Amino acid sequence: MQTTVVAAENSVPVEDEADVALCARSISAWYGTKLAIRDVSLDFRRHSISALMGPSGCGKTTFLRCLNRIHESALGASTTGEVLLDGTNIYDPGVNPVVTRRRIGMVFQRPNPFPTMSIFENVVSGPRYTGLSRNPRELKDLAEEALRQAALFDEVKDKLDDPALSLSGGQQQRLCIARALAVQPEVLLMDEPTSALDPLSTLKIEELMEQLATNYTVVIVTHNLQQAARVSNFAAFMLGDADRVGSVIEYAPTQQIFTHPNDRRTEDYITGRFG
Amino acid sequence: MSTELDSPRTLTAARGRAAQRGLTTRQAVSDRAFRVALLGATLLFVALIAGLFVELVHGSWESIVTFGAGFLWSSEWNPVTNHFGALPFIYGTVVSSAIAIVIAGVVGISAAVFLAEFAPAVVARPVSFFIELLAAVPSVVFGLWGLFVLAPILSQTVEPFLQRYLGFLPLFSGPIYGVGLFTAGLLLALMIVPTVAAIARDLIQAVPNELREASIALGATRWETATRVVLPSARAGIVGACVLALGRALGETIAATMVIGNRPAISASLFAPGYTLSSVIANEFTEATSSIYLSALLELGLILFVVSVVVNGGARVLMWSMLRSLGRRP
Numbered sequence: 122m123q124t125t126v127v128a129a130e131n132s133v134p135v136e137d138e139a140d141v142a143l144c145a146r147s148i149s150a151w152y153g154t155k156l157a158i159r160d161v162s163l164d165f166r167r168h169s170i171s172a173l174m175g176p177s178g179c180g181k182t183t184f185l186r187c188l189n190r191i192h193e194s195a196l197g198a199s200t201t202g203e204v205l206l207d208g209t210n211i212y213d214p215g216v217n218p219v220v221t222r223r224r225i226g227m228v229f230q231r232p233n234p235f236p237t238m239s240i241f242e243n244v245v246s247g248p249r250y251t252g253l254s255r256n257p258r259e260l261k262d263l264a265e266e267a268l269r270q271a272a273l274f275d276e277v278k279d280k281l282d283d284p285a286l287s288l289s290g291g292q293q294q295r296l297c298i299a300r301a302l303a304v305q306p307e308v309l310l311m312d313e314p315t316s317a318l319d320p321l322s323t324l325k326i327e328e329l330m331e332q333l334a335t336n337y338t339v340v341i342v343t344h345n346l347q348q349a350a351r352v353s354n355f356a357a358f359m360l361g362d363a364d365r366v367g368s369v370i371e372y373a374p375t376q377q378i379f380t381h382p383n384d385r386r387t388e389d390y391i392t393g394r395f396g
Numbered sequence: 002m003s004t005e006l007d008s009p010r011t012l013t014a015a016r017g018r019a020a021q022r023g024l025t026t027r028q029a030v031s032d033r034a035f036r037v038a039l040l041g042a043t044l045l046f047v048a049l050i051a052g053l054f055v056e057l058v059h060g061s062w063e064s065i066v067t068f069g070a071g072f073l074w075s076s077e078w079n080p081v082t083n084h085f086g087a088l089p090f091i092y093g094t095v096v097s098s099a100i101a102i103v104i105a106g107v108v109g110i111s112a113a114v115f116l117a118e119f120a121p122a123v124v125a126r127p128v129s130f131f132i133e134l135l136a137a138v139p140s141v142v143f144g145l146w147g148l149f150v151l152a153p154i155l156s157q158t159v160e161p162f163l164q165r166y167l168g169f170l171p172l173f174s175g176p177i178y179g180v181g182l183f184t185a186g187l188l189l190a191l192m193i194v195p196t197v198a199a200i201a202r203d204l205i206q207a208v209p210n211e212l213r214e215a216s217i218a219l220g221a222t223r224w225e226t227a228t229r230v231v232l233p234s235a236r237a238g239i240v241g242a243c244v245l246a247l248g249r250a251l252g253e254t255i256a257a258t259m260v261i262g263n264r265p266a267i268s269a270s271l272f273a274p275g276y277t278l279s280s281v282i283a284n285e286f287t288e289a290t291s292s293i294y295l296s297a298l299l300e301l302g303l304i305l306f307v308v309s310v311v312v313n314g315g316a317r318v319l320m321w322s323m324l325r326s327l328g329r330r331p
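Chains as they are written, first to last, in this note's numbering: chain A, 122 to 396; chain B, 2 to 331.
FYI, nobody ran anything at the bench for these hints, they're computed from the structure. Treat the hints with care, as some may be off.
Stated by the list, open to error - Far from chain A by the CB rule (all over 12 Å, computed), these chain B residues:
#1 L39
#2 T43
#3 I50
#4 P127
#5 V138
#6 F149
#7 L212
#8 A215
#9 E225
#10 V230
#11 V231
#12 P233
#13 G252
#14 I282
#15 I293
#16 M323
As the list claims (entries may be wrong) - With beta-carbon atoms standing in for the labels, derived distance ranges:
#17 B:L319 to A:H344: 37 to 47 Å
#18 B:L39 to A:G153: 44 to 54 Å
#19 B:I255 to A:V216: 15 to 25 Å
#20 A:L324 to B:S309: 55 to 65 Å
#21 A:R231 to B:F131: 15 to 25 Å
#22 A:P176 to B:S309: 56 to 66 Å
If you're wondering where the values come from, they're calculated on a predicted model, not measured in any experiment. Backbone N, C-alpha and C fix where the C-beta goes; we use that ideal spot for every residue, glycine too.
With the rest of the complex left out, here is chain B (with noise of 0.2 Å):
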């Protein structure tokens, strides 16, 4: 805002001469026409999102006539017989999200604490810098490095290690390929956490001092602080950068593609190649030469939709509660 409309002098003469005036008619027009305008603005979103849904029963209504709701608990993925089921990839798509978010969510939030709270300003500047420009690296580019650089690491350290210690776990067992679920968990965890920390940094730095400061004359350490006081006043926000963070996993497609493995199966092990939603339709859309084989993935698509609208609409129920026992209004 300008200082000069702010001062309060400037205001109380604009404030007198409209009170004297009353509305134009160019006021009257302008002020309607915005309404309108601001309300087509707001139902093209609507409208959209609408469409988009509709298109997309409409496309797969043959694979939904066709195979019902077994499509849904199907594992069976097979274009050669027309036979068609979305289990493996839905499988594959949350548990590859949820590895992304537990890890992506862990490590954003520890290293948001950490700069908000505790790095001199020399770190915190350019490392919060570094964490903005990882979010706009290009998913094909994370991809690349994910196959020839973290696929072929994980496979020779980080998954023998976790096998040793906890192989007995039906999670880490199975032999090794390098790309598979986890692999992929971990990519995606990458391109997501500057998301979770770069947004969390900016709500917890907006906790106000006051409460920090009540906290330290309590004796509380600033970890102390930090954790029982700073971070639950943030947590609503935090939870909302999450699942924006989970909606990005979710619907990734290139990176996925390249280190999951592209294997419609569902194995109890981490380690062993799977599929996602995105993945399977890109790269199968040119080859789908069958309507039924273009429903099915159509269909997939709507799962993939209908996934992401439930999970953001989710948390933001899951937000409005936090906010509520924090006796604020959203």
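Just chain A, with the same shape it has in the complex (with noise of 0.2 Å):
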């Protein structure tokens, strides 16, 4: 059974349609025969950081993974509901996931750009992928672009046909940040993007985040609840049952979220008393 109604706790006031830019609605996924989230419905505004919180195996990677169809590339992996990106069901039996993909970008949670490319080969790999381009000039420009939004390209642009692995974990997770942006996404997924990395380069990838949300849509797993105070417009906080699967507790705008949580295992959760 499908629902659209969405349970009233999980929807973040907007005040026009236009202003949502990705919608879950009733997503449930297994792993083979078990059962990881169950009858997830989120709404994501656009131009917004919205963060997914939760103890670990609460699902929320699980549920990032399944807005951009990448859940289902795991063997025996599947999903039912829907996740409207832009008002069309991008699990609609015509749509393409590999073209999906395209338009909701992905940064891992360990950093992983291509051993075997340079930096630059690394950016431009998406768009020569897509088809976006194949003019080595029209390339040069949307990866210094790419890099730029990344906030890593002066620090690489004498170097841009270096190995890519010669970088510091920090760089490294924001040359994956401009490789993602390089396929010019609408919707911009992070999975836990930080918790590989030092403080330094963790608060250079939160400060980027804060400034990529002016151009795109941002959804952020986390486990690191100050980081989702610093960072998120929204927060969902996400929760497993007794079977150990997932789904939304409370979702709303991050600073209700942290002062007035409505539930009370969002309140134990944000204040320690477990996860």
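Each chain sits in its own coordinate frame; assemble them with the hints.
Take a look at the structure:
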């Protein structure tokens, strides 16, 4: 059974439908026969940062991976429900997931630049795939723009042909962000993008996220409550039940979730009573 | 590793005891004995290789002195007049192995990509098993099959077909015998394709999944991901697999002997019979009555040895440089 009615506590007040860039409706996801998340519905407002928080195993990463249909690329993984991107359900049979993923970029937990490619090649790998451009001059401009947006250009402009792995971990992660931006997506999904980084690199990425939110809709999964409080405009709290099936407990403007949570479990989590 | 030994508590306790006690005499002695034993085993390999080389040079000395460097580019092989040259055998070995590695490389790597990236488990598992089984078939069986099945098929269908459409190239011209360089190369390819496929599949599977996901998340298809991200990440190892396979093709004796035609001649056509270094040694060793004849055969062995060492060494250098370009330590 799929419902299109969104539970009240899961919706963020938006003035206008057009303000919603990405809209998940009753998403449930399985690994084989194991249900990982049940009936998750969340709206993500355009040009804002929404954070998914919750303890380990609550399904927040799984849910994020449903938003660009990368969840189903794992063996035996499946999804039900709808994800509306500008009103179009990306799970429609007629929609090609490969094309969808070009509109919804993703940054992963650990920096994963392509090890055989140079810094430049990493950034332009996406545009090359998608046929966005094959002209060398255009690719160069695209790479520069993406690297600037990722606040990495000044650090690498003299060594664009060096191997990507010669960069530090924090730089590699910004390179991955640049690589995702070079495809010119509308939405950027970030799966704990700073959990493998040192505090300074983390700070840089957080500053970067705030800049990105002026042009992109950012959804970030984070373990780190302070991070969610610092960078996000909206926050969802997810929790797994006794069978470790995750669902959304509460979704509200970040300010509200951290000061006046509606649900007791959210409050317990935020005040550090568990998780 | 046993989980009991690995549990932090056991480890910590053991470390604590060791720190209190220091090394016992027994530990010191066994440690030293272990080191000496390992060193001995390592040196044994070095000694074997060196001994083999010295013995081959020693055995072929008469031939080396008599024919000099001309042995390498003389095409004459005449036991009656005692004139010997290695060129046709070098040519036959190199050409048949080159055909083999080109075919086995393309087929083996394609199969590996399919098995590791695309095939569902119900297909991948049995196919992988059969590929590994193929590697266990004795080469004489391959040789018999090559002679009685493969050679007739090639001479009746594949080779006339190639000749009709590519006959303007010297490679595919001339009379078709069935046995010859092409047949030998194809048979060798069949024999070494399991090596390439099995190792390449393992290497492709070992490529971290996060790289695949990075590529898929950029809007790449599975095919683009496999060819542009996964294969390049595994290429150093795959080159190594191909070299290992090439080494087997270079040294393969009995199967090549049965289908290559055993004629010490150099012909532009791949359909013409040829001869390999190892085949001539195997065929003529028992007939080598004069000492210069025997010495010439041993020099062929020396050449094969050197070629194998150079191929393996070259591949090692290639792999190192590839790994360095990845910014990783080998």
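To see whether the hints hold, each was checked on the structure:
1. Consistency note on B:L39: stated as away from chain A, and its beta-carbon is indeed over 12 Å from all of that chain's, at 33 Å minimum.
2. Distance to chain A confirms B:T43 as a non-interface residue, since its nearest Cβ pair spans about 32 Å, more than 12 Å.
3. Look at B:I50: its CB is around 34 Å from the nearest CB on chain A, clear of 12 Å, so calling it non-interface holds up.
4. The non-interface label for B:P127 is consistent with chain A: the shortest C-beta to C-beta separation is roughly 18 Å, beyond 12 Å.
5. Every beta carbon of chain A lies more than 12 Å from that of B:V138, the smallest distance being close to 32 Å; the non-interface claim holds.
6. Listed as a non-interface residue, B:F149 keeps its Cβ farther than 12 Å from every Cβ of chain A; the least gap is roughly 43 Å.
7. With a minimum CB-CB distance of about 6 Å to chain A, B:L212 fails to clear the 12 Å threshold, and the non-interface call is violated.
8. Not every CB of chain A is more than 12 Å from the CB of B:A215 (nearest about 4 Å), against its label as outside the interface.
9. Distance to chain A contradicts B:E225 as a non-interface residue, since its nearest Cβ pair spans about 6 Å, not more than 12 Å.
10. Interface exclusion of B:V230 from chain A breaks down, the closest Cβ pair being 6 Å apart, not more than 12 Å.
11. Once the 12 Å rule is applied to beta carbons, B:V231 is inconsistent with being away from chain A; the minimum gap is 10 Å.
12. With 12 Å as the threshold on Cβ separation, the claim that B:P233 sits away from chain A is violated: the shortest Cβ distance comes to roughly 4 Å.
13. No beta-carbon of chain A comes within 12 Å of the beta-carbon of B:G252; the shortest separation is about 32 Å.
14. At roughly 42 Å from the closest C-beta of chain A, the C-beta of B:I282 stays outside 12 Å, upholding its exclusion from the interface.
15. With a closest Cβ-Cβ approach of about 53 Å to chain A, B:I293 is found to remain outside the 12 Å limit, as its non-interface label requires.
16. In this structure B:M323 is not separated from chain A by more than 12 Å, as the shortest Cβ-Cβ distance comes to only about 9 Å.
17. Between B:L319 and A:H344 the CB atoms are about 43 Å apart, so this pair conforms to the stated range of 37 to 47 Å.
18. A beta carbon spacing of about 46 Å between B:L39 and A:G153 agrees with the range 44 to 54 Å that was offered as a hint.
19. Separation of B:I255 from A:V216 is about 58 Å and departs from the stated range, judged on CB atoms against 15 to 25 Å.
20. Separation of A:L324 from B:S309 is about 56 Å and conforms to the stated range, judged on CB atoms against 55 to 65 Å.
21. The hinted window of 15 to 25 Å between A:R231 and B:F131 is violated, with their beta carbons roughly 37 Å apart.
22. Between A:P176 and B:S309 the Cβ separation comes to about 59 Å, which falls inside the hinted range of 56 to 66 Å.
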